[in-house]
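Q: Below are the chains, spelled out letter by letter.
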Amino acid sequence: MKTKIYLFPNYCKIIGAGIFISAILLFIIQTQTQILNFDDEYEIVKILLLGGLFLFNFSKEKIEDERLIRIRLMAWAYSFYIVAFTVVAGRIFNFFLDEDLQFYNSATALLITYLSANIVIFIRYRELDVVE
Amino acid sequence: MLLSNIIREVRAKWNMTQQELADRTGVSRQTINSIESGKYVPSTVLAIKIAMVFNTTVNEIFELKEKD
Numbered sequence: 007m008k009t010k011i012y013l014f015p016n017y018c019k020i021i022g023a024g025i026f027i028s029a030i031l032l033f034i035i036q037t038q039t040q041i042l043n044f045d046d047e048y049e050i051v052k053i054l055l056l057g058g059l060f061l062f063n064f065s066k067e068k069i070e071d072e073r074l075i076r077i078r079l080m081a082w083a084y085s086f087y088i089v090a091f092t093v094v095a096g097r098i099f100n101f102f103l104d105e106d107l108q109f110y111n112s113a114t115a116l117l118i119t120y121l122s123a124n125i126v127i128f129i130r131y132r133e134l135d136v137v138e
Numbered sequence: 750m751l752l753s754n755i756i757r758e759v760r761a762k763w764n765m766t767q768q769e770l771a772d773r774t775g776v777s778r779q780t781i782n783s784i785e786s787g788k789y790v791p792s793t794v795l796a797i798k799i800a801m802v803f804n805t806t807v808n809e810i811f812e813l814k815e816k817d
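From first to last, the protein sequence lines stand for chains A and B. Letter by letter, the first sequence follows residues 7 to 138 of the numbering used here. Letter by letter, the second sequence follows residues 750 to 817 of the numbering used here.
Just chain A, same shape as in the assembly (with noise of 0.2 Å):
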């Protein structure tokens, strides 16, 4: 029976870890050194992690079977509450303690988090079940 294929290939897996770790080098190079200082908003840096990340995300294992499309789901779940609850306190800490706290009215912050606690959450239970 063959599932109905949503997810990249295995080697994208590979790229996004690479342009993840290339994001990070750049945010690094940035911060250290005056090179590239005409991105003073770091949005290269932004592009580059949310495309690592999504490529990373959304990338078939090695072996992409029924258990593992399960874990998918729930680490999605998981990360959508993550994210649910970070804006949720945000809002809260922002109305009592009147303080200018943004960070739940960016997508790209949210976006980073979410796609993040996915790749935690789905590692973590894909993973859980070690050899006997």
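Bear in mind the hints are in silico, worked out from the structure with no lab data behind them. It is possible that part of the hints are untrue.
[Said to hold, decoys possible] For lysine to any residue, the following SDA-like pairs were computed, each having C-alpha atoms within a straight-line distance of at most 25 Å: (1) B:K814 with B:S786; (2) B:K788 with B:W763; (3) B:K814 with A:R76; (4) A:K66 with B:V794.
Since the structure of chain A is provided, determine the placement of chain B on it from the hints.
A: Same frame as chain A, but now just chain B:
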């Protein structure tokens, strides 16, 4: 209700490792391990595939039990 199985016993009888069974059914070894330990309930297709590997029926390998 609880779905119990005797995959581990049958596998031992056939002298087959989890990896070999995983390769023959097209899933990962962790999936076979999860099914054996009762953490994951397989789909009908996978249950039939496992039964076919051991030349038996699904009923012989999987059994529905009342939860104690």
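Q: Are there hints from earlier that the structure breaks, and if so, what are their numbers?
A: The structure conflicts with no hint, since it agrees with every one listed earlier.
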